[in-house]
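**Student:** Once you have looked at the hints, place chain B on chain A.
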Amino acid sequence: MSGGPAVRISIESSCEKQVQEVGLDGLETYVPPLSMSQNLAKLAQRIDFSQGSDSEENGVDSEPRDGEWGKQEPEEEEDTVKFQPSLWPWDSVRNNLRSSLTEMCVLYDVLSVVKEKKYMALDPVSQDPTAGKTPQVFQLMSKKKSLATAAQLLLKGAEKLSKSVAENQENRRQRDFNTELLRLRSQWKLRKVGDKILGDLSYRSAGSLFPHHGTFEVIKNTDIDLDKKIPEDYCPLDVQIPSDLEGSAYIKVSIQKQSPDIGDLGTVNLFRRPQKNKPGTPWHIKLEAAQNVLLCKEIFAQLSREAVQIKSQIPHIVVKNQIISQPFPGLQLSISLCHCTGDKKINRSSPEKPKPDDHLYVLEHNLHQMIREFHKQQLSSVVMPHPASAPFGHKRLRLAGPMAYDKAEISSLQQSEGLLEKIIKQAKHIFLRSRTARTIDCLASRIEDPQIQAHWSNINDVYESSVKVLITSHGYEQICKSIQLQLNIGVEQIRVVHRDGRAITLSHQEQELQDFLLSQVPRLRL
Amino acid sequence: MGVTCVCQVPVAEGKSVQQTVDILHKKLEQLGAVKQGNFCVDCETYQSTVNAGGQPSKLLYVMHNSEFPLSCLALFEGGPCLVADTNFDVLMVKLKTHFQNAKGHKVECRGSRYRYCDFLIKVGTVTMSSSVRGISVEVEYCPCVVPGDCWNLMKEFMLSFLGNNVPELPTVFAAKPEGLFAPADSVDTMTQYLELFNKLRKLQITGSNVH
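Residue numbers (full-length UniProt numbering), protein chains in the order written: chain A, 1 to 526; chain B, 1 to 211.
One chain only, chain A, in its complex shape (with noise of 0.2 Å):
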């Protein structure tokens, strides 16, 4: 454009210095412009690592370079005194540029293995060329296929083994023989003569002394028709037990009021169940039965010798299964042992049937318990001593010396009773309790004015039962509590024992319990 001379415009940078502080006279400090090293350390921490080298960079980047390794040797010493990153700005550019160094190092070590192709070499990656191309559907129908592979595989081992456990169980239901030889094996004693194979259910073992061999053979039950439809309970294995122990047996004891005439005596008593004796019962039945047959066998032994040997004022009459003895007068117990065979028919003609309550299971079952404790105490200490320098007796009995025992403690740790001792006197005290309970509950009834409670003690001994008999008055209870009698019943006596602690003995006589009770009842009307 035309005009008037060129004007020279001169441009200034305002004022570079930024003002500090104004002095109270008017004088301004500045802040002290950057110098050339701290400009550079300005310009250097703007600088991003982490975006790629562009060429406008380079020029930027080559100078601080430049200046920081310069700077490296005075300004190390600094930082490793006082480390503070705020001080030196350099120190993230250092670090960020040692560990681009390290892995150009390391690329640069790879490259040249790599070249070597001795130890490392470089393999195109196969590429999928659906991968990230194949559509979802396909992926899914591949996914499946292989998945019904395996499944294939799973499904065949597992038809592998359901088939072979099958035929496990097949084969244990067909039972052979030595399978079912060893389950035999496993509860009874068994050994091998000859070609034979022989078992012992006897209690010889266990401490029993009866002479009975109780040997029975296992036989092979060979009898089965192949052609036929193996029945459900075949059994390939068969026992054979002796002649006497076939069948079943027990041992009746019975308490009987009137004592029936001698010539009554011997008759065979009634069994109470008829014996079913299929040829077809398993081996474990056949043995049980066999094996309780030897025991009542053993019990009825025992007690037909003690009965016959000890001496009691009444003698007890042994005649052919039958013990017969008389606890009370008037009053008669009888042990018999009834074993039935199967092969004998039962004689329903005979007129003494069964009486259901007249057998009484409890002392049958302390008459089994005993002659096991006979068993064991066979087996004890007594017999053979331990150790073996030991000397016989009771292992309590050793203690007597060193802690003077007295003739009663002493002759408290030898029993000396036999089983028929211990069962009459079991027997005399069922008998009196029984009685006992009946004279209480007669009288009760049969009175009503004060009234008569009995309760009996839930715990008792075999020996020994107690009852606490309260007569009171309708109305007075808690007030008339006077007449509290405690009842201890023995096995031939009947013990009294007032409230006051007075103590009377009674017999056995049913009598004399019940005019002692009725002479306690004015008692209370007092």
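For the record, the hints were derived by calculation from the structure and aren't laboratory data. Misleading hints may appear alongside valid ones.
Said to hold, decoys possible - Pairs of lysine-lysine residues, derived as DSS-like cross-links and limited to a Cα-Cα distance of at most 30 Å, are as follows:
(1) A/K425 <-> B/K35
(2) B/K94 <-> A/K407
(3) B/K199 <-> A/K407
(4) B/K106 <-> A/K311
(5) B/K15 <-> A/K407
(6) B/K94 <-> A/K395
(7) A/K395 <-> A/K320
(8) B/K94 <-> A/K156
(9) B/K27 <-> A/K407
**Tutor:** Frame of chain A, contents of chain B only:
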């Protein structure tokens, strides 16, 4: 097991030992006691052969009581006491070299045994080498084991048939602590018998010590 008291009954004047014993028996039977057999208490003396220093050797007494038929007691006078099995006698035979049996010093007490409810009374004659030395009476109250509790009862009972000869509480019980922790047992009985035997032994032999 109960509390026992052993005492000596002096021979009645003008009567022999046997007659005094019979009088006692009669009194007991009148009381209502029941005779239940016989009893025997004996005591053997053993002297230790090993002499420690200048002290007189201690005497070991081995006693038997028919009340404890399977036991044997060995005691030193005033010292420790051992209750053992009857095999102890055999052991003493084996210890012959250490313990000499003073055979002439065996003391025995034999007599009858009476039972009166809870009491056991034994009246016996003490003999030493077949010469009668005195009469001993042992009263046992079976239910109790604490001497302090039943002493009065026993004393009263003894008064009923012994009359004036009732003894005081035996020294074995007086020395014991009270209560159930020190129950009376066989050792006390035998200690009392030993005291009685020693007393009776010294009676006839005047002056010299017992060997």
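**Student:** Hint by hint, note whether the structure agrees.
**Tutor:** Against the structure, the hints come out as follows:
1. Among the hinted pairs, A/K425 with B/K35 is consistent with the structure: their alpha-carbon atoms are about 28 Å apart, no more than 30 Å.
2. Of the supplied pair hints, the one linking B/K94 and A/K407 holds, its CA atoms being roughly 29 Å apart against a limit of 30 Å.
3. Between the alpha carbons of B/K199 and A/K407 the distance comes to roughly 29 Å, so the proposed pair stays at or under 30 Å and holds.
4. In summary, the hint linking B/K106 to A/K311 is not supported, as the alpha carbons are separated by about 43 Å, beyond the 30 Å threshold.
5. Between the alpha carbons of B/K15 and A/K407 the distance comes to roughly 35 Å, so the proposed pair goes past 30 Å and is violated.
6. Distance hint between B/K94 and A/K395 is fulfilled; the C-alpha atoms sit about 26 Å from each other, no more than 30 Å.
7. For the suggested pair A/K395 and A/K320, the alpha carbons sit about 40 Å apart, so the restraint of at most 30 Å is broken.
8. Among the hinted pairs, B/K94 with A/K156 is inconsistent with the structure: their alpha-carbon atoms are about 87 Å apart, more than 30 Å.
9. Between B/K27 and A/K407 the CA atoms are separated by roughly 26 Å; this keeps the pair inside 30 Å, and the hint holds.
The structure fails hints 4, 5, 7 and 8 (numbered hints given earlier, in ascending order).
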